[in-house]
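Participant: The primary structure of each chain is shown beneath.
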Amino acid sequence: MKRWVSLIWMIFLFFYFIWIFVLPRLNAVVGGIS
Amino acid sequence: MMSPAVEALLLMFCVMTGICGAGLRLTDRFGANMGESERCVWVSGLGLAAMGYVVLIVGSVGLLFKPVLLGLLVLLLAFGAKRFMQSIRRLSSKGIAAFRSAGLLEKLLVIPVVAALFLSWAGALAPAVGQDELCYHLVQPKNFVQAHAVYAVPFSVNALWPYLTHMLFTLGLLLQGAETAKLFHWVFYALTGAGVGHFARRFAGGRAGWIAAVTYLLTPAAFTQAAFAYIDHALAFYVFMSFYAVCAWRKTRGQGWAWMAGASLGFAASVKLIGLFAVFPIAVIVIRAWFDRRDLKAWSGSVLRMAAAAFAAGSVWYLRSWILRGNPVYPFYPSAFSGNGFEDPTYTGVHGGGAGIMAFIMTPWNAAFHPDLFGGEVMGPLLLACAPLALLWARKGISRSVAAGLFAYAVFWFMVDPNIRFFFAAFAWMAVLTGVAVDGWMRQCGHGWKAVLGVAFAALIFLQSGFAFHHFGDEAVLLAGGNRQQYLGVNERSYQVAEEVNRVTGADAWILSAGEVRGYYFASKFTLAGDMERMVLPADRPREAGAYARYLKTTGFTHVLLAERGDEDPVITDTERIVRDRAVSRSYFKDELVVRRSGMTYTLYRIL
Chain A
1 MKRWVSLIWM IFLFFYFIWI FVLPRLNAVV GGIS
Chain B
1 MMSPAVEALL LMFCVMTGIC GAGLRLTDRF GANMGESERC VWVSGLGLAA MGYVVLIVGS
61 VGLLFKPVLL GLLVLLLAFG AKRFMQSIRR LSSKGIAAFR SAGLLEKLLV IPVVAALFLS
121 WAGALAPAVG QDELCYHLVQ PKNFVQAHAV YAVPFSVNAL WPYLTHMLFT LGLLLQGAET
181 AKLFHWVFYA LTGAGVGHFA RRFAGGRAGW IAAVTYLLTP AAFTQAAFAY IDHALAFYVF
241 MSFYAVCAWR KTRGQGWAWM AGASLGFAAS VKLIGLFAVF PIAVIVIRAW FDRRDLKAWS
301 GSVLRMAAAA FAAGSVWYLR SWILRGNPVY PFYPSAFSGN GFEDPTYTGV HGGGAGIMAF
361 IMTPWNAAFH PDLFGGEVMG PLLLACAPLA LLWARKGISR SVAAGLFAYA VFWFMVDPNI
421 RFFFAAFAWM AVLTGVAVDG WMRQCGHGWK AVLGVAFAAL IFLQSGFAFH HFGDEAVLLA
481 GGNRQQYLGV NERSYQVAEE VNRVTGADAW ILSAGEVRGY YFASKFTLAG DMERMVLPAD
541 RPREAGAYAR YLKTTGFTHV LLAERGDEDP VITDTERIVR DRAVSRSYFK DELVVRRSGM
601 TYTLYRIL
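Here the protein sequences come in this chain order: A and B. Letter 27 of the first sequence, counting from 1, is numbered 27 in the numbering used here, and no numbers are missing. Letter 319 of the second sequence, counting from 1, is numbered 319 in the numbering used here, and no numbers are missing.
Note that these hints are calculated values from the structure, not bench results. The beta-carbon is built from N, C-alpha and C at its ideal position, and this holds for glycine as well. Hints are supplied without guarantee of correctness; some may be wrong.
Unchecked claim - Examples of chain A residues lying across from chain B (beta carbon under 7 Å, computed):
1. 2
2. 3
3. 10
4. 13
5. 14
6. 17
7. 20
8. 27
Generate coordinates for the entire structure from the input sequences, incorporating the hints supplied.
Facilitator: Structure follows, in structure tokens:
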């Protein structure tokens with residue numbers, strides 16, 4: 001159980017960070033990424 | 001002619017060779033309970049602090065001349081170089097053996113670490129373009145170098161702050177230039193990563209150590225900040241090392257650790273006022289240590305040693321400020337001490353996601369995803385993703401102490417000034433928790449899960465290291481042979497303005513600046529009107545143009561520089577209000593130069 005909780009937490013933060021932080025900035029630079 | 005980057009590198013190599021070699025030689029008799037690489041980190045850190053104090057002493061007696069410091073460096077090299085080279089040979093053969101026996105994940109992590117270290121190092125070797133370094137971290141050292149003395153710079157709010165790292169910046173500027181000064185901060189970044197790794201290795205094993213070190217080094221805010229002549233890594237280093245030593249003391253009760261804990265605490269307080277917060281994590285461990293054995297005599301003896309070492313290593317800055325400004329932490333807490341003309345309270349409330357317990361609990365989340373609330377530097381998702389996992393995977397012992405230290409530091413940081421730069425020491429604790437969590441997980445699972453965890457951890461690490469390429473691409477190109485003047489012209493708004501102004505004023509002028517705080521590239525003395533006006537009692541400072549011009553002239557100022565964005569600029573200082581009223585002020589302030597740059601209009605006035 002704790003393995004799955006740990007893994008899902010790590011994967012969630014990885015993608016959430018990309019979605020909320022990296023993509024908007026990348027979009028501002030190159031444009032067209034949705 | 002040698003490029004500034006190469007000069008800085010050679011000089012830093014000599015400085016660190018001398019410091020580390022001399023430190024190793026001096027501690028060869030006492031260092032039996034430390035590994036060689038661990039001892040290298042300790043003696044380098046303590047040695048850099050000692051060197052800072054040498055510069056302070058030399059500067060305080062007005063002997064800040066290049067031959068004096070070069071002579072001392074040669075003596076240091078003569079004493080330590082051979083021992084350093086011996087250590088390098090030993091450590092490189094050990095390092096190669098450790099790499100060969102390491103697992104795939106540990107080997108893979110070498111790539112982003114080397115990339116981040118190299119790119120931030122390229123940033124450190126580029127010309128200075130950071131706000132605070134151009135505003136005061138390098139400006140005060142430049143004043144010291146020009147005056148050949150460390151002194152209370154007139155009308156400067158910050159000249160009497162704890163300046164241990166600035167003494168090293170002074171050494172860098174005196175011997176070479178801004179590149180060497182910046183490199184000192186980068187060295188503290190690398191040392192903090194190494195310190196974090198050694199701490200985790202000592203208490204949780206080799207793999208935990210390597211993962212903890214990698215985690216700290218690849219935190220975006222950490223490696224981007226390392227490229228500037230700021231003091232945040234030095235602060236993190238001494239705060240964390242004081243905790244390191246006190247944990248080792250608790251385990252071994254060796255008095256050497258008690259002395260080192262106190263000395264590191266004193267050095268932390270010598271780097272920045274908030275270094276005093278290191279008292280709280282130390283106190284937590286010291287109190288826990290009492291309950292381990294309840295031996296009052298031995299315990300109080302160690303605590304006294306820590307206090308004595310901390311006082312010896314850190315009190316001079318506070319005593320100096322108390323004597324010269326009437327306030328040991330001038331200009332802060334004027335209600336508790338003397339404001340000496342300064343009435344503003346502190347910077348409290350400038351940063352952070354709000355006050356209250358919920359805001360405190362949400363701080364790690366907000367720091368990871370809303371960095372603008374904390375000064376703008378990016379913490380990244382890794383620490384938040386992995387440090388809390390210590391709750392599930394770490395063995396109790398050291399992770400409890402680390403969590404307690406982290407909490408004690410974080411509470412005071414949050415209450416006083418939650419800027420993420422001042423949180424680097426907490427990154428160090430969180431990196432240790434990450435190391436023990438990932439290591440604990442790997443110990444407790446089979447090959448399949450190990451591979452899954454390895455991929456997830458590596459993905460987070462590589463994601464964060466991408467920031468290094470984003471931030472330091474230009475600097476890497478510059479290191480490979482770009483044009484430094486052109487780089488400055490593009491990246492630093494004050495550089496060309498300063499060049500123009502320098503042509504008019506020369507080095508003997510004294511400029512009072514309103515609207516531009518970046519003074520490093522101005523050849524002459526450069527004082528901020530905001531500082532000057534707040535440091536002079538209102539009754540002593542005239543408000544009418546003629547009297548104000550006479551006051552400035554008799555004080556020694558020769559020019560006023562106004563930086564304006566447009567007609568709608570708010571009038572913040574009396575200087576702006578008086579000089580901008582040209583119908584009256586033209587008889588007392590003659591405009592000599594106008595420069596337009598970055599949407600700003602800079603006007604230089606000569607005081608008639």
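Participant: Decide, hint by hint, whether the structure agrees.
Facilitator: Do the hints match the structure? See the list:
Interface hint status for residue 2 (chain A): upheld, as the beta-carbon distance to the closest one in chain B is roughly 5 Å, under 7 Å. At its closest, the beta carbon of residue 3 (chain A) sits 6 Å from a beta carbon of chain B; the interface hint therefore holds under the 7 Å criterion. For residue 10 (chain A), the suggested interface contact is upheld, since its CB lies about 5 Å from the closest CB of chain B, less than 7 Å. Of the supplied interface hints, the one on residue 13 (chain A) holds, with its beta-carbon coming within about 4 Å of a beta-carbon of chain B, less than 7 Å.
With a least beta-carbon distance of about 6 Å to chain B, the hint placing residue 14 (chain A) at the interface is held under the 7 Å criterion. Interface restraint check for residue 17 (chain A): the shortest CB-CB distance to chain B comes to about 4 Å, inside 7 Å, so the restraint holds. Because the beta carbon of residue 20 (chain A) sits about 6 Å from the nearest beta carbon in chain B, less than 7 Å, this interface hint is met. Proximity of residue 27 (chain A) to chain B is violated relative to the hint, the smallest CB-CB distance being about 14 Å (cut-off 7 Å).
Hint 8 alone, counting from the list given before, is not met by this structure.
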